[in-house]
Every structure is written in structure tokens, then in C-alpha cells.
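Peer 1: Now for the letters of each chain:
2 protein chains.
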Amino acid sequence: MKVDAIEIYQAVEKFIGQEVVLEGWVRNHRKQKEFGFIDFNDGTYFSTMQIVYDNMLKEFEEIQKIRVGSSVRVHGTLVESPKENQPFEIRASHIELLGDSPEDYPIQPKRHSREFLREQAYLRPRTNLFGAVFRVRSVAAMAIHEYFQSHHYVYVHTPLITTADCEGSDQMFKITTLDLNHLPMKDGQVDLSKDLFGKQAYVTGTGQLHGEAFAMAYKRIYTFGPTFRTENSNTKTHANEFWMIEPEIAFCDLNGLMDVEEEMLKFVVQYVLDHCPTEIDFLDQFVEKGLKEKLQKLVASTFTRISHHDVVTILKEADVAWEFTPDYGEDIAKEHERYITEYFNGPVFITDWPKDIKAWYMKVNEDGKTVAAVDLEVPGAGELMGGSQREEDYDKLLARSKEMGVDFSTVDWYCNLRRYGGCYHSGFGMGFERLLIYLTGVDNIRDVIPFPRTPKSCDY
Amino acid sequence: MKVDAIEIYQAVEKFIGQEVVLEGWVRNHRKQKEFGFIDFNDGTYFSTMQIVYDNMLKEFEEIQKIRVGSSVRVHGTLVESPKENQPFEIRASHIELLGDSPEDYPIQPKRHSREFLREQAYLRPRTNLFGAVFRVRSVAAMAIHEYFQSHHYVYVHTPLITTADCEGSDQMFKITTLDLNHLPMKDGQVDLSKDLFGKQAYVTGTGQLHGEAFAMAYKRIYTFGPTFRTENSNTKTHANEFWMIEPEIAFCDLNGLMDVEEEMLKFVVQYVLDHCPTEIDFLDQFVEKGLKEKLQKLVASTFTRISHHDVVTILKEADVAWEFTPDYGEDIAKEHERYITEYFNGPVFITDWPKDIKAWYMKVNEDGKTVAAVDLEVPGAGELMGGSQREEDYDKLLARSKEMGVDFSTVDWYCNLRRYGGCYHSGFGMGFERLLIYLTGVDNIRDVIPFPRTPKSCDY
Numbered sequence: 031m032k033v034d035a036i037e038i039y040q041a042v043e044k045f046i047g048q049e050v051v052l053e054g055w056v057r058n059h060r061k062q063k064e065f066g067f068i069d070f071n072d073g074t075y076f077s078t079m080q081i082v083y084d085n086m087l088k089e090f091e092e093i094q095k096i097r098v099g100s101s102v103r104v105h106g107t108l109v110e111s112p113k114e115n116q117p118f119e120i121r122a123s124h125i126e127l128l129g130d131s132p133e134d135y136p137i138q139p140k141r142h143s144r145e146f147l148r149e150q151a152y153l154r155p156r157t158n159l160f161g162a163v164f165r166v167r168s169v170a171a172m173a174i175h176e177y178f179q180s181h182h183y184v185y186v187h188t189p190l191i192t193t194a195d196c197e198g199s200d201q202m203f204k205i206t207t208l209d210l211n212h213l214p215m216k217d218g219q220v221d222l223s224k225d226l227f228g229k230q231a232y233v234t235g236t237g238q239l240h241g242e243a244f245a246m247a248y249k250r251i252y253t254f255g256p257t258f259r260t261e262n263s264n265t266k267t268h269a270n271e272f273w274m275i276e277p278e279i280a281f282c283d284l285n286g287l288m289d290v291e292e293e294m295l296k297f298v299v300q301y302v303l304d305h306c307p308t309e310i311d312f313l314d315q316f317v318e319k320g321l322k323e324k325l326q327k328l329v330a331s332t333f334t335r336i337s338h339h340d341v342v343t344i345l346k347e348a349d350v351a352w353e354f355t356p357d358y359g360e361d362i363a364k365e366h367e368r369y370i371t372e373y374f375n376g377p378v379f380i381t382d383w384p385k386d387i388k389a390w391y392m393k394v395n396e397d398g399k400t401v402a403a404v405d406l407e408v409p410g411a412g413e414l415m416g417g418s419q420r421e422e423d424y425d426k427l428l429a430r431s432k433e434m435g436v437d438f439s440t441v442d443w444y445c446n447l448r449r450y451g452g453c454y455h456s457g458f459g460m461g462f463e464r465l466l467i468y469l470t471g472v473d474n475i476r477d478v479i480p481f482p483r484t485p486k487s488c489d490y
Numbered sequence: 031m032k033v034d035a036i037e038i039y040q041a042v043e044k045f046i047g048q049e050v051v052l053e054g055w056v057r058n059h060r061k062q063k064e065f066g067f068i069d070f071n072d073g074t075y076f077s078t079m080q081i082v083y084d085n086m087l088k089e090f091e092e093i094q095k096i097r098v099g100s101s102v103r104v105h106g107t108l109v110e111s112p113k114e115n116q117p118f119e120i121r122a123s124h125i126e127l128l129g130d131s132p133e134d135y136p137i138q139p140k141r142h143s144r145e146f147l148r149e150q151a152y153l154r155p156r157t158n159l160f161g162a163v164f165r166v167r168s169v170a171a172m173a174i175h176e177y178f179q180s181h182h183y184v185y186v187h188t189p190l191i192t193t194a195d196c197e198g199s200d201q202m203f204k205i206t207t208l209d210l211n212h213l214p215m216k217d218g219q220v221d222l223s224k225d226l227f228g229k230q231a232y233v234t235g236t237g238q239l240h241g242e243a244f245a246m247a248y249k250r251i252y253t254f255g256p257t258f259r260t261e262n263s264n265t266k267t268h269a270n271e272f273w274m275i276e277p278e279i280a281f282c283d284l285n286g287l288m289d290v291e292e293e294m295l296k297f298v299v300q301y302v303l304d305h306c307p308t309e310i311d312f313l314d315q316f317v318e319k320g321l322k323e324k325l326q327k328l329v330a331s332t333f334t335r336i337s338h339h340d341v342v343t344i345l346k347e348a349d350v351a352w353e354f355t356p357d358y359g360e361d362i363a364k365e366h367e368r369y370i371t372e373y374f375n376g377p378v379f380i381t382d383w384p385k386d387i388k389a390w391y392m393k394v395n396e397d398g399k400t401v402a403a404v405d406l407e408v409p410g411a412g413e414l415m416g417g418s419q420r421e422e423d424y425d426k427l428l429a430r431s432k433e434m435g436v437d438f439s440t441v442d443w444y445c446n447l448r449r450y451g452g453c454y455h456s457g458f459g460m461g462f463e464r465l466l467i468y469l470t471g472v473d474n475i476r477d478v479i480p481f482p483r484t485p486k487s488c489d490y
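So the sequence lines, in the order shown, correspond to chains S and Y. Taken in order, the first sequence gives residues 31 to 490; the numbers are from our numbering. Taken in order, the second sequence gives residues 31 to 490; the numbers are from our numbering.
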């Protein structure tokens with residue numbers, strides 16, 4: 031009977047004494063004169079299982095030649111293990127080599143540096159670390175879909191190709207079908223009317239504006255897709271391609287938005303704890319000591335809600351020699367974020383930010399100085415989500431778009447949403463990789479993206 | 031108590047006699063002298079509900095001025111309806127106008143042409159037709175995730191930005207951060223070393239190659255994300271941006287692959303029938319007569335499996351004046367697809383295609399002439415999925431890549447998967463929009479994509 035490792039791990043008792051056929055890969059192979067042990071993994075479960083074989087098998091000598099990395103088919107019987115730390119082992123009756131692996135196979139059973147493994151991006155999911163990270167990525171993605179779908183949100187695939195200039199075109203990749211070495215010219219400029227879309231098109235960094243249009247039809251929507259930034263920045267937190275979740279909710283004010291953010295985050299964290307216990311234990315042990323406790327604590331915590339003004343007051347009164355002086359009119363720095371989450375010993379929603387440092391579509395508060403924006407600061411993660419109530423007043427939005435230098439001709443339809451049954455509404459964005467860094471303890475964005483794209487680095 | 035329409039529809043009995051507060055939009059408004067009726071929809075449920083108000087309300091005159099498209103807050107009591115075709119109505123005690131809508135609001139309660147609505151892409155989800163289509167889209171997406179996650183597949187976010195030339199670079203959009211009007215030059219050519227990635231990068235049309243790398247770690251993976259084609263083609267089935275699902279499965283041959291395709295498709299169709307009954311009924315009534323029966327029939331059917339060779343024999347023997355003569359060495363035409371699904375009265379897997387018309391990475395059969403490829407033909411949908419067993423032999427793959435003119439330097443890592451514990455494995459691709467056309471009966475791809483991108487058309 032062909033089975034997957036996960037089927038066995040989900041019901042070990044049932045399989046004890048059963049004959050099974052397994053197909054997978056050799057993670058390690060320890061040979062002795064009369065018998066041998068293979069650490070076997072078929073990818074469906076994090077832990078390897080031990081295959082025991084001995085020289086009673088007629089292909090004993092063949093088996094002993096099987097190298098790390100090879101794919102094999104194992105016929106054997108599941109037996110209780112004499113060892114304490116493994117629930118069972120497989121006593122092999124027959125082992126077939128399916129695909130060989132050379133002596134110089136890059137992924138050997140030893141600790142490789144993450145830098146080395148980044149250069150082997152197509153092989154690294156076979157390691158414990160990346161095996162865990164990318165399964166958590168998959169499970170966390172499912173958690174996000176489950177949360178929103180079960181709360182009656184409609185999943186919207188907003189377009190990636192856009193001609194709208196709403197974020198500032200210098201932050202977007204241009205796309206073209208033209209031959210860069212033979213560009214059609216007209217009046218001394220590139221003749222973009224010859225391009226596929228007849229004008230300059232970009233790949234976008236947000237689905238928010240399109241998402242709002244759908245929220246005005248379905249009340250609750252979310253997006254979950256790739257986004258792009260051209261930032262020429264080589265840090266642990268920047269990549270040029272990453273995934274974002276952007277919910278938009280009609281008839282929802284800033285407090286309602288914070289309720290959703292808090293509930294959603296707790297749901298996703300609990301879901302990962304429930305569905306990836308082995309992976310989280312491994313990451314807790316080898317990547318971030320205390321990871322599991324950190325995640326459990328988040329689920330049990332109540333998130334603080336406090337205005338930017340009051341945060342700055344706390345920062346000013348703190349007995350700390352700040353590198354950046356806190357200021358009521360300014361953004362807060364990383365050192366401030368850290369302080370404030372420690373101060374409240376948990377996640378903090380910071381609300382009502384100075385309008386000049388926030389986006390044009392955010393609702394201006396009655397004071398005329400701040401906007402109904404909220405950033406969620408999480409201990410050990412920094413800013414995990416950013417959201418706002420959106421300006422619902424057409425005239426005010428128009429005025430703000432002019433003040434902030436937005437090209438109105440590309441967002442007229444968006445502003446029109448306020449003329450056609452507009453309503454108070456809110457939304458937020460969460461960078462998926464930032465969530466994964468928090469969930470896994472891995473601190474470099476390059477290590478939570480299957481094939482990361484960063485400046486001068488676009489391999490595979 | 032603030033409630034969503036869907037909460038009421040899921041438990042009407044519970045709400046009868048209850049006071050509720052609803053926020054949503056006016057789809058229609060019929061006024062009479064002493065009372066009025068509002069067709070109300072808050073987007074969480076397909077059907078509108080009827081709000082009844084009379085001139086006992088002190089704001090009666092104000093209410094009568096409320097126009098179609100406006101957003102309102104309704105306070106009222108749920109009562110059993112005197113009308114047969116509605117389970118309940120809301121007797122209003124208070125109605126507040128939240129957001130006005132002008133007389134010339136484009137979406138009036140009448141039948142609009144799909145062409146007109148395409149020009150109002152940001153408003154069309156508010157209509158019955160697109161309200162249904164895009165909810166089906168969301169639910170079908172969730173069905174796909176549920177199927178694969180519950181069968182232990184890992185969801186992989188393969189990169190969209192790529193420098194690999196595996197599909198032929200002329201089919202991909204180039205992306206750049208360079209200023210097209212001031213390109214840096216070197217030796218008479220554009221100096222791409224100055225671009226963000228230091229070389230020509232593209233947005234890709236497939237995640238298959240990267241997916242295979244992950245299948246060699248997790249056994250079963252799937253991708254689900256946007257893809258791009260530069261095709262300059264204005265047909266009902268072409269768009270330049272669309273979504274694809276690409277599962278890859280290690281230790282799986284062509285028969286195993288067909289099992290997965292059949293099971294997955296039936297699961298998704300049943301899931302949509304279960305979760306969108308009202309939408310499917312509407313689409314059945316107004317878009318494709320017999321849609322529901324078609325979908326139910328698919329779930330109950332057994333898919334035929336037959337080789338390309340045998341299909342061509344059937345076509346040749348058919349008493350039909352073909353526009354395109356069937357040929358053992360050629361692709362089959364749309365008229366052939368239709369004939370063969372009618373011939374077998376159900377979905378048909380066509381296997382073992384002539385190798386010259388298929389991709390370089392497909393496994394060549396023992397006859398040396400055909401490849402282990404399979405297309406799934408579905409009545410009323412045409413080719414819904416295309417897949418193959420992948421060539422697992424390094425030398426054969428190399429030879430095929432040369433024969434087919436693939437730039438090996440960009441796919442060396444992919445070929446290496448065969449050297450490092452390679453195994454027999456298979457995968458398929460399904461265009462998500464093609465599935466949606468089948469599920470909704472809507473026949474133009476522009477009408478199943480929220481904001482479609484087609485040649486010379488990239489609005490919103």
C-alpha cells in the first residue's frame with residue numbers, strides 16, 4: 031500500500047505492523063557492516079523517518095551505495111521503535127533506487143549557512159529550515175483565506191498591470207513589449223502608442239484602489255497577491271517582489287478596522303500553531319528561542335489602542351537617549367516602535383497620525399491635522415499592518431489629491447466611488463513576508479520567499 | 031443590532047420579529063403616495079431584500095428622495111412577507127441616507143449591455159450579473175485552495191519576475207526601471223547592467239519550473255497566481271493578465287495526474303454548487319440555460335481516457351465535413367474538441383500527443399514519437415487543463431532542450447533537478463478564467479476578470 035509520511039504520522043497506531051510502500055528522498059544514510067539506517071523524507075511531513083535494512087536483503091550491497099539526496103522506493107513494515115524519541119521505524123523488505131544523487135550533491139546532512147543556501151534556492155526547500163519555513167508560508171496563506179472567506183469577504187484578484195500613477199510611477203516597474211534597442215520614436219520621444227497597451231503600463235504595488243471599488247459592491251473584500259517595488263535597497267526587509275493582503279471594508283470605521291486586524295492576526299497565528307506544531311517546535315529550537323511562547327502570548331493578548339500624539343508624549347517622557355528625537359509631527363523610528371511595544375508589553379495600534387506623513391486617500395480627522403490612520407506595532411515584528419479609514423467625502427478627497435500632487439486623471443474613477451453611494455469605509459495592508467518573518471523567527475526576507483528578487487539579484 | 035444580509039438569509043426564522051440595523055445600497059426604489067419599497071443589497075448576499083416604509087415615519091419625505099445607488103442605514107423589523115417569492119421583508123422604523131447618488135448614476139435598475147458595463151468596470155460588480163460572477167470567482171478560488179491543502183499540497187508562491195527565457199522571451203513583458211527616453215547605452219546597445227536587476231528581466235507566464243523544484247522537496251505542490259502573456263490578440267478567450275493554477279507532483283505518472291485533475295475539478299464544481307446556489311440559479315436563468323444541470327452532470331460523470339492517436343482515428347472515421355482535416359501528427363481543432371466530447375458524452379482526457387507540437391520538458395514515450403502529455407477536454411469548455419509527465423532523464427531532457435532551441439543557460443538549475451534525486455513526476459496547468467467561463471456560462475474572458483487587460487485596453 032503506497033502511503034505518504036503524513037498519513038502515517040496522523041495515525042501511527044493504525045499503521046503499526048502494516049506493510050507500506052513509501053516514495054521519497056534520502057536525507058541521511060548511516061551504513062554499518064550488517065545493516066544500515068536511512069533518514070527518509072517524502073516531503074509531506076516535516077520529520078524524517080528511519081528506515082532500517084539489513085544484509086538479509088538480496089540487494090544489500092546496492093542499497094549501501096545509495097547516496098544522500100537520492101530518491102527511493104521503500105517497501106517495508108512499520109514497527110515500534112526501540113528508540114525513545116521516535117514513535118516508529120520502517121523495517122525494509124526491499125529498497126529501490128529511483129533517482130541517483132552525486133557525491134557532490136550540495137545539500138549534505140550538516141549545517142549549511144543561509145547565505146550558501148540562498149545560492150541554492152531551488153534545492154533549499156529540502157533542508158529542515160526551509161522545509162519548515164515554506165510549509166509555514168503555505169499554511170499561513172491558507173489561514174488568511176480561511177479567515178476572510180469564513181467572515182464573508184470576497185476574494186478579489188485586482189490587476190497587477192496598471193496605467194494608473196497613484197503611487198508615483200518612479201516606484202513602479204515599467205512594462206513593455208517594445209524592443210529596447212529599437213524603440214519607435216515620435217517627436218523625439220518614445221512612441222508608446224506602439225506598445226501593447228498603447229501607453230506606458232506598470233506592474234503595481236497595491237490593489238487598494240481597485241479593492242475599494244469592489245468593497246462598494248460586496249461590503250467586505252480582500253486581495254492576496256504579488257506586488258512590486260523598484261526600491262534599490264539591500265536590507266533584510268526589502269524585496270522587489272513580495273505578497274500583500276489588502277482587505278477593504280465598507281461601513282467600517284477605524285475602530286472596526288482594528289477589531290478585524292486583531293481578530294485576523296490571532297486567527298492566523300493560532301492556525302499556524304495548530305497546523306505546523308512540528309515546524310514551530312523546530313524553529314523555536316534552532317532559529318528563535320521562545321518563538322512558540324511569543325506566538326501563544328500574542329493570541330492571548332489584548333492589543334493596546336493609542337493615538338500617535340499620546341505615543342510621542344510617552345516617548346518624550348521616557349528616560350531614554352533617543353537616536354531620533356520623537357516629534358508630534360513626525361513618523362516614529364524603529365527604536366520608538368520597540369520601546370512602545372515593550373512599554374505596553376504587547377501589540378499596539380497607533381492611531382491618528384499627522385496627515386502630512388500619510389497618504390492622500392486617508393480620512394482627515396476633525397482637527398484638520400491628523401488622519402484616521404492606524405499602524406499595528408507587534409513585539410518582535412515592528413509595523414505589521416498599516417491601514418486607515420478612507421476619505422469618503424468627494425470634495426475633501428479631491429482637495430487632498432491636489433495638495434499631494436496626485437495625477438487626478440488616473441484616479442477619477444476611484445474618487446467617483448464617493449459620488450455613487452459612497453460610505454464610511456476602511457482598509458489595511460499587510461505584507462505577507464513581514465508576517466512570515468514574525469511567524470518563523472527567520473530575520474531576512476530573502477529566506478521566507480521561495481525565489482527572492484532583490485537589486486542585482488534575479489536568479490532562477 | 032447591526033447585521034449582514036447573509037446572516038439573515040442563513041437563519042431567517044431566527045430573525046423574524048427581530049429589530050435589525052442594516053447598512054448597504056439601494057438597488058431600486060418604488061415610491062407611492064403613502065409608502066415605498068426599497069430593494070436593498072449590502073453585498074454580502076446575492077439577493078436583494080425588500081424594505082417597506084410608510085408615511086408614519088417622520089422623515090418620509092426625505093426617504094422618498096433617496097436615489098438608486100445611494101448608501102443607506104436602515105433600522106427596522108424583520109417580518110414575514112405577504113409575497114410568495116420572498117421569505118421576509120423589513121418594515122423600516124428609520125432610514126438614514128449615508129451617501130447620495132446622482133440622477134445620472136450609470137447603474138440603473140434595467141438591463142445594461144455587457145459592453146457598456148465593461149466600460150464601467152469599477153461599478154459593474156454592483157449588478158446582478160457581475161455580482162454573481164465575481165462571487166463565484168472568489169468561491170472557486172477558495173475551493174481550489176481547500177482541495178489542494180486538504181490533500182497535503184504545499185502552496186508555493188513562484189516568482190513573477192524572472193530572467194529565465196524558458197518560454198521564449200517574445201511572449202513575455204520586459205520590465206525595467208530605466209527611463210525609456212534616456213536609456214543608458216554601451217557599444218550601441220542598451221546597457222542593461224544599469225537596470226535594477228543588472229540584466230533584462232521579464233514578468234512570467236508560468237511558475238511550472240519553479241514549482242517542480244518545490245515538488246522535489248514536498249512531493250505535492252501547487253501554485254495559484256497571476257500570469258502574463260504579450261499576445262496581441264483580441265478574442266473572447268485572450269487576456270494579457272490572468273490567473274493560473276499549476277500543481278506539480280513527484281512520484282506521479284500520467285495516470286496519477288489524470289486522477290488528480292478529475293478529482294480536483296469535480297471537487298471545485300461541487301463546492302461552487304454548494305456555496306453559490308443562488309448565483310448559479312441566476313446564471314442558469316439569465317446567462318446559460320442548463321448551466322446547473324451541466325455542472326451537476328460533470329460531477330457525476332466518469333472522464334474518458336483516450337490517446338491522441340485513437341482520437342484522430344475517430345475523427346477520421348466520422349461522417350463530418352471537417353474544416354481542418356484531422357491528422358495523427360497535428361494538434362486537434364476546436365471543432366474536433368467539440369465532436370469528441372459529444373462522442374463520449376462527457377469530459378475526455380486526450381493523452382500521448384505528437385512530441386513535435388508539445389513542450390520540451392515533456393517525457394518522451396517509448397515510441398520516440400509521442401510525449402506523455404494530456405489535455406482535458408470538457409463539454410462546453412474546450413481544453414480546460416493541460417499537463418504532462420515531465421522528462422525525468424537528464425540526458426534526454428538536455429537533448430530535447432537543444433532540439434527545441436531552449437537557452438540552456440537559463441534552465442540549467444531546472445535540468446539539475448534530474449541529477450539530484452530526480453524521480454518520475456507530473457504536473458498540469460489550469461487557466462482560472464477558463465474554469466470561470468465554464469462555471470458561470472459567461473463567454474467572454476473580459477467578463478470574468480475584475481479589471482481585464484487586453485491589447486490597447488488597460489483602464490482603471
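These aren't lab readings, by the way, just hints derived from the structure by calculation. Just so you know, not all the hints are guaranteed correct.
Identical copies carry no separate label here, and so any pair may be met within one copy or between two of them.
Unchecked claim - List time: in silico EDC-like cross-link candidates among lysine to aspartate or glutamate, alpha-carbon distance up to 16 Å:
no.: 1; residue 1: K486; residue 2: D221
no.: 2; residue 1: K229; residue 2: D209
no.: 3; residue 1: K319; residue 2: E145
no.: 4; residue 1: K327; residue 2: E367
no.: 5; residue 1: K216; residue 2: D386
no.: 6; residue 1: K229; residue 2: D489
no.: 7; residue 1: K32; residue 2: D283
no.: 8; residue 1: K364; residue 2: E89
Peer 1: Hint by hint, say whether it matches the structure.
Peer 2: To see whether the hints hold, each was checked on the structure:
no.	hint	in the structure
1	K486 <-> D221	between (29 Å within a copy, 14 Å between copies)
2	K229 <-> D209	both (15 Å within a copy, 14 Å between copies)
3	K319 <-> E145	neither (21 Å within a copy, 58 Å between copies)
4	K327 <-> E367	neither (19 Å within a copy, 58 Å between copies)
5	K216 <-> D386	neither (39 Å within a copy, 42 Å between copies)
6	K229 <-> D489	between (30 Å within a copy, 11 Å between copies)
7	K32 <-> D283	between (54 Å within a copy, 14 Å between copies)
8	K364 <-> E89	neither (61 Å within a copy, 52 Å between copies)
Of the numbered hints listed earlier, those contradicted by the structure are 3, 4, 5 and 8.
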